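Chains R and A are the protein sequences, given in the same order.
Using the numbering used here, the final residue of the first sequence is 495, and nothing's skipped along the way.
Using the numbering used here, the final residue of the second sequence is 313, and nothing's skipped along the way.
Derived by calculation from the structure, the hints in this document are not laboratory data.
Owing to the predicted nature of the structure, the values given are computational and were not obtained by experimental measurement.
Possibly wrong hints are sitting among the right ones.
[Stated by the list, open to error] Partial chain R-side listing against chain A, Cβ under 10 Å, derived:
| hint | residue |
| --- | --- |
| 1 | Ala8 |
| 2 | Asp9 |
| 3 | Arg12 |
| 4 | Arg16 |
| 5 | Pro18 |
| 6 | Glu19 |
| 7 | Ala44 |
| 8 | Tyr45 |
| 9 | Arg47 |
| 10 | Ser52 |
| 11 | Thr91 |
| 12 | Glu185 |
| 13 | Met395 |
| 14 | Gln398 |
| 15 | Asp411 |
Glycine residues also receive a C-beta, built at the ideal position from the N, C-alpha and C atoms.
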Amino acid sequence: MNVANPFADPLRFDRRVPECTVVIFGANGDLTKRKLMPALYRLAYERRLPASFAVLGNSRTPLSDDAFRDKMHEAVKRFLEDSPFDEDIWTSFARNLYFTAGDLNDPELFSKIGAKLGELRRPNVLYYLSTQPSYYGTVVDGLGAAGIGESRPGGWRRIVIEKPFGHDLESARELDTRIHKVFPEEEVYRIDHYLGKETVQNILAFRFGNGIFEPLWNRRYVNHVQITATESIGVEGRGAYYQEAGALRDMIQNHLLQVMATVAMEPSAVFEPDAVRDERAKLLRSIKIMKPEEVPLHAVAGQYRGFRQEPGVDAASQTDTFTAATFYVDNWRWAGVPFYVRSGKRMPKRTTDIAIQFNTAPHALFASQDGGPPTRPNLLILRIQPEEGISLRFMSKQPGSGMRLRPVSMDFNYGSSFGERSPSAYETLLVDAMVGDATLYTRQDMVEASWRAVQPVLDDWASRRFDFPNYEPGSWGPAEADAMLARNGHRWRNS
Amino acid sequence: MSVAVQPEKILRELRELWDELGRAEETPGGVLRACAMTLLVAAEERGEAEQVRKTLGVLMHDHPSRAIVLRSQEGSGVGARVFAECWMPFGRHQQICAEGIEITAGGAEMSEVVHVLLPLMVPDLPVVLWCRGGRAFTDPAIEALFPLADKIIFDSAAASDAKAALQLLRSLHARGRRVADLTWTRLTGWREVLSQLFDDGVLDPDAVASVRIVHGGSGASTCALYLTKWIEQGLPGARVMVESASDEPGIRAITLLGGSAEVSIRRTGPSCVEARAGGRSYRTPLPPVTEEALMREELSILGPDSVFDRVLA
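Only chain R is shown next, with the shape it has when bound in the complex:
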């Protein structure tokens, strides 16, 4: 039945998902327990899931449906954030949780999943790959061989893939070829949870919902941009995984380049998934590819003291726990403006922000005044976490006689202006995938463009031996990162 709902009221009712089954591969893993299941429960709590909504979990460990429900009950109670837990809602939600155990390498598993889906009889199916990335291809092949990957009349089959999408450009293309043998591009949802964050989405609202900023958003007025994502913690038991990834692959290639694209992209003509993604992709494709001889000047690798002693980490590991890189965008708007991007573990604090530094006033009218600091450039800071908001720094006259200026900050605090609870990135993205809105998902051309941007750095670093460790835990990273900016007369905002 596909009849328009005469009672729709989008102003007051949240978007709801259609009848579907979510099949989670890796249902016994951390991501499912910490993020996916709490997000799904929360959607049920908000009455955004249909009564018949079902989850089919899979992992190798044999579990009964009831044992799976108990595990998820414990996980949701433990990891649910900013939200009460209601036993009645859980009971109703958990009634439709099911489990099928099996090895991903075993074709029989996919036949069992197909049979279970037939039994559940929900028209739509969302496959969620929450396994080790090395199994992505295997799962897709299995779904294809069992004939349960293709959409059919009256029901879609979609697949959500967690990052990393490959470990370099070549492997990303290989994975894509395998996925496209089973799923067409429009049914593939590559998740980058950074794009689901409310404050990253707010960058678009800030840029394109206001008339005053966009005229300044170009090389004439912007001196440089700094994008920082740091964590105070180390690898926290993920040493084995992290050793293979490193900060460049784990954060910059995906999350931070997507954030950079959001900050620097052109406005799309309409706010529709492909129009927005086209602009993001265009920006990523415009990132200037570093020549081999430029890599040492434009990229810095770091490793904190103590990383090699973490469980699962090689005693001579060459993994970057810190990366800083300078990117340039080869287009009319941004030519010559450096985008400094950095990410690191064991930094002084956890923070993610974007700082847009504007050029100083063309004439230093107040520079000769006694006692005042030199005129400082205006700085616009988009804070993603933890205190989401926007600050604008400008110069103001200090009260009193004379003309002493000092920088002051004008703050917009996202949490105080909109006190209502923000949905988690996974709530937003899961609903988007189920209603078929791919605006906040990455597309293969975006994935490839961002791999292409970091590939010269990966190639260069693979052929070098670093003298690690080169920064102390609790510091802002190696001195070379400061030197990289100093060469352009810039410095990191370390506050």
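Given chain R's structure and the hints, the job is docking chain A onto it.
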């Protein structure tokens, strides 16, 4: 802090209040001033003050505003005081504050107070008038406030004459005023559950032949009238019947019949309903209908509300 009702004096007192807050020792990170609108509150007697203040305290977190509370108080003369509602968001180091002005006046003076409100409203931001209680439907002094507001929020459940209240809302709407009724807001949970049945394809709108609404409380209620009209507009081919039950006021059940199918939504607890359809049933919570929750929903809608406008027309 009492002042005569002179806008300049009140604004000066507000500035002093902010200076005081900024200097306070317990706010080392300073205070952040937040304001998204002017919220005029037409309150009733003195006994309401505490409840209004409590509601504003909660509302400010979601909709920080300059709140101007107008309180009618016989024999007290005209007076005003300023106040701030402050809170420390979880995990933050900076206190957030929104400001308020309370103006008290006897019934006779209330109409004059209207003239001092204009300079007190925050420029360039929307103005919402919240007419709390039933007095708004009969008091000409409150009616004089209507032209100041971009949106006027009533609660027809508080009116002594539901039909007259609805008539006033309709006439304001017809004159181009943006109006809201918290009685309609209380129906959001019920309406959403009903709408979901059609989202899920449980029911074909064309197949529904009749709808029965059961509501509690005696006499005609605007709540039942609104729901009836909304359903009639969604299902023009269905017969909608309304029954009243000797129960607490509010909607108790909705039953839809079509061919051999019967779908029902029934209240099973103070904030929970059970939907039954096609041999399946599920329980779902209703959103809270506290004054704060209802106002929060209405303050989020500052533009046109086409669904309510159609029901009201």
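Against the structure, the hints:
A cut of 10 Å between beta carbons decides the hint on alanine 8 (chain R): the least distance to chain A is about 6 Å, and the hint holds. Interface hint status for aspartate 9 (chain R): upheld, as the beta-carbon distance to the closest one in chain A is roughly 5 Å, under 10 Å. Against a cut-off of 10 Å between C-beta atoms, the interface hint on arginine 12 (chain R) holds, since the closest Cβ of chain A lies about 5 Å away. With a least beta-carbon distance of about 6 Å to chain A, the hint placing arginine 16 (chain R) at the interface is held under the 10 Å criterion.
For proline 18 (chain R), the shortest C-beta to C-beta distance to chain A is roughly 8 Å, which falls under 10 Å, so the interface hint holds. The beta carbon of glutamate 19 (chain R) comes within 6 Å of a beta carbon in chain A, closer than 10 Å, and the hint placing it at the interface holds. Here the hint on alanine 44 (chain R) is kept, as its CB sits about 9 Å from the closest CB of chain A, short of 10 Å. Interface hint at tyrosine 45 (chain R): satisfied, since its Cβ lies 8 Å from the closest Cβ of chain A, which is below the 10 Å cut-off.
Interface restraint check for arginine 47 (chain R): the shortest CB-CB distance to chain A comes to about 5 Å, inside 10 Å, so the restraint holds. Among the interface hints, the one on serine 52 (chain R) holds; its C-beta lies about 7 Å from the nearest C-beta in chain A, closer than the 10 Å criterion. Interface restraint check for threonine 91 (chain R): the shortest CB-CB distance to chain A comes to about 9 Å, inside 10 Å, so the restraint holds. Using the Cβ-Cβ criterion of 10 Å, the hint placing glutamate 185 (chain R) at the interface with chain A is not satisfied: the shortest such distance is roughly 27 Å.
Here the hint on methionine 395 (chain R) is broken, as its CB sits about 19 Å from the closest CB of chain A, past 10 Å. A cut of 10 Å between beta carbons decides the hint on glutamine 398 (chain R): the least distance to chain A is about 16 Å, and the hint is violated. Satisfaction of the interface hint for aspartate 411 (chain R) is found here, the shortest Cβ-Cβ separation to chain A being roughly 6 Å, below the 10 Å cut-off.
When each numbered hint is compared with the structure, violations occur for hints 12, 13 and 14.
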